[in-house]
Amino acid sequence: MAASAVTAVRGWSGLLLGVRSVVLRLPGLTQVRWSRYGPEYQDPQIDKGYYRKPLAALTEEEKYERELRKTQVIKAAPATRTSSVFEDPVISKFTNMMMKGGNKILARSLMTQTLEAVKRKQFEKYHAASPEEQATIERNPYTIFHQALKNCEPVIGLVSILKGGHFYQVPVPLADQRRRFLAMKWMITECREKKHRRVLMPEKLSQELLEAFHNRGPVIKRKHDTHKMAEANRALAHYRWW
Amino acid sequence: MATPSLRGRLARFGNPRKPILKPNKPLILANRVGERRREKGEATCITEMSVMMACWKQNEFRDEACKKEIQDFFDCASRAEAARKVRSIQEDLGELGSLPPKKLNKLLHRFPNKPHVS
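For the record, the sequence lines run as chains C and E. Residue numbering for the first sequence follows the UniProt record's numbering, starting at 1 and increasing by one per position. Residue numbering for the second sequence follows the UniProt record's numbering, starting at 1 and increasing by one per position.
Hints are computed from structural coordinates only; laboratory data are not their basis. No experiment lies behind these values; they were computed from the predicted model shown. Where a beta carbon is used, it is the ideal one built from N, C-alpha and C, also for glycine. Please note: incorrect hints may appear among the correct ones.
Claimed, not checked - Think about it this way: if two alpha-carbon atoms lie no more than 20 Å apart in a straight line, the pair counts; the simulated DMTMM-like pairs of lysine to aspartate or glutamate are: (1) K68(E) x E193(C); (2) K221(C) x D63(E); (3) K228(C) x E60(E); (4) K163(C) x E42(E); (5) K67(E) x D176(C); (6) K150(C) x D63(E); (7) K121(C) x E133(C); (8) K204(C) x E190(C); (9) K48(C) x E61(C); (10) K228(C) x D63(E); (11) K106(E) x E95(E); (12) K100(C) x E211(C); (13) K57(E) x D225(C); (14) K150(C) x D75(E); (15) K150(C) x E42(E); (16) K68(E) x D176(C); (17) K221(C) x E193(C).
What the hints assert, rightly or not - Computed Cβ-Cβ distance ranges for the label pairs, DEER-style: (18) E40(C) x L93(E): 42 to 50 Å; (19) R178(C) x S5(E): 52 to 60 Å; (20) S92(C) x L99(E): 53 to 61 Å; (21) E40(C) x G34(E): 50 to 58 Å; (22) V90(C) x G34(E): 44 to 52 Å; (23) D88(C) x I89(E): 49 to 57 Å; (24) R192(C) x D75(E): 29 to 37 Å; (25) R69(C) x R87(E): 30 to 38 Å; (26) R52(C) x F111(E): 53 to 61 Å; (27) S92(C) x K68(E): 28 to 36 Å; (28) E40(C) x K102(E): 19 to 27 Å; (29) G49(C) x R36(E): 41 to 49 Å.
What the hints assert, rightly or not - Facing chain C, according to a computed beta carbon distance under 8 Å, are these residues of chain E, among others: (30) F13; (31) I46; (32) D72; (33) A77.
Could you build the full structure based on these sequences and the hints that come with them?
Below, the structure written as structure tokens:
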């Protein structure tokens with residue numbers, strides 16, 4: 001019923017094909033996040049390598065796909081997505097999650113300061129260490145960031161399920177996206193709440209990232225607490241219906 | 001089993017006996033069907049989960065020690081998710097069993113039951 005209302009409304013608007021009018025005011029269905037693009041719009045291809053491939057090297061499928069893209073409508077690429085070699089989707093996502101009130105400049109500067117702080121700490125350790133230890137010290141802040149977030153990802157999650165008038169925490173497998181989101185969310189929450197007011201965010205974040213990289217620290221502890229809760233409630237797994 | 005017969009069940013002038021059925025609404029087919037009853041699902045990947053948790057208990061919840069079990073659990077979860085997606089698409093297209101109720105209702109709206117003659 002909601003879908004047919006949307007399609008009917010789209011037919012009424014005399015605007016460009018695919019732009020949705022905002023007339024979906026059914027009581028239980030307030031959309032909080034939607035895009036103005038219809039389903040026929042394709043995502044933009046940012047990767048330069050895709051376009052640099054010589055025509056001779058393309059397979060039949062790729063040639064067909066290129067021809068098809070010429071006929072399709074494509075969304076505008078957001079300003080944050082570039083074809084630069086320095087772009088990292090994980091860093092972009094983390095920056096967006098740190099952003100408050102749309103202040104992307106501040107969030108991005110905090111992110112770069114964090115990476116710089118991580119690099120500085122690691123270089124200090126490197127120069128203070130003996131040659132055998134120097135081989136084991138990781139100095140690239142991007143690898144440290146990625147590995148730290150990977151270490152923080154929970155394997156299994158808990159979901160509140162209502163049964164017999166009570167809410168039970170039921171262990172449930174999580175999708176990859178959800179696990180990555182939880183790792184980032186826990187990291188940011190931990191750094192925001194458990195820091196002294198005089199300590200700046202990059203300093204605290206760099207400290208937490210380095211600890212998570214070595215599988216120590218409060219975020220890893222939170223992950224282990226989740227696992228322990230899931231293990232304790234494993235009998236309730238049958239409350240799931242999916 | 002065939003539809004039970006309506007002959008001599010209702011209270012009409014030509015019917016000598018007591019009425020067997022006393023319907024409160026007229027016995028006319030409506031132009032819609034009811035919603036499908038949601039199928040009772042069951043929890044997936046329980047065995048992989050319990051194997052992984054047993055490994056955790058033995059190794060103090062360290063993830064490096066239980067890599068194989070964790071990978072099996074993830075594979076099971078992704079397989080279950082894919083199966084669920086396929087099933088929901090099949091349900092919408094109506095490949096398993098009958099058409100979904102929304103499509104049936106659309107069809108019935110186009111070709112409604114005619115209780116009147118003209």
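- Query: Okay, which hints does this one fail, numbers in order?
  - Reply: Violated hints (numbers, rising): 1, 12, 15, 18, 20, 21, 23, 30, 32; every other hint is consistent with the structure.
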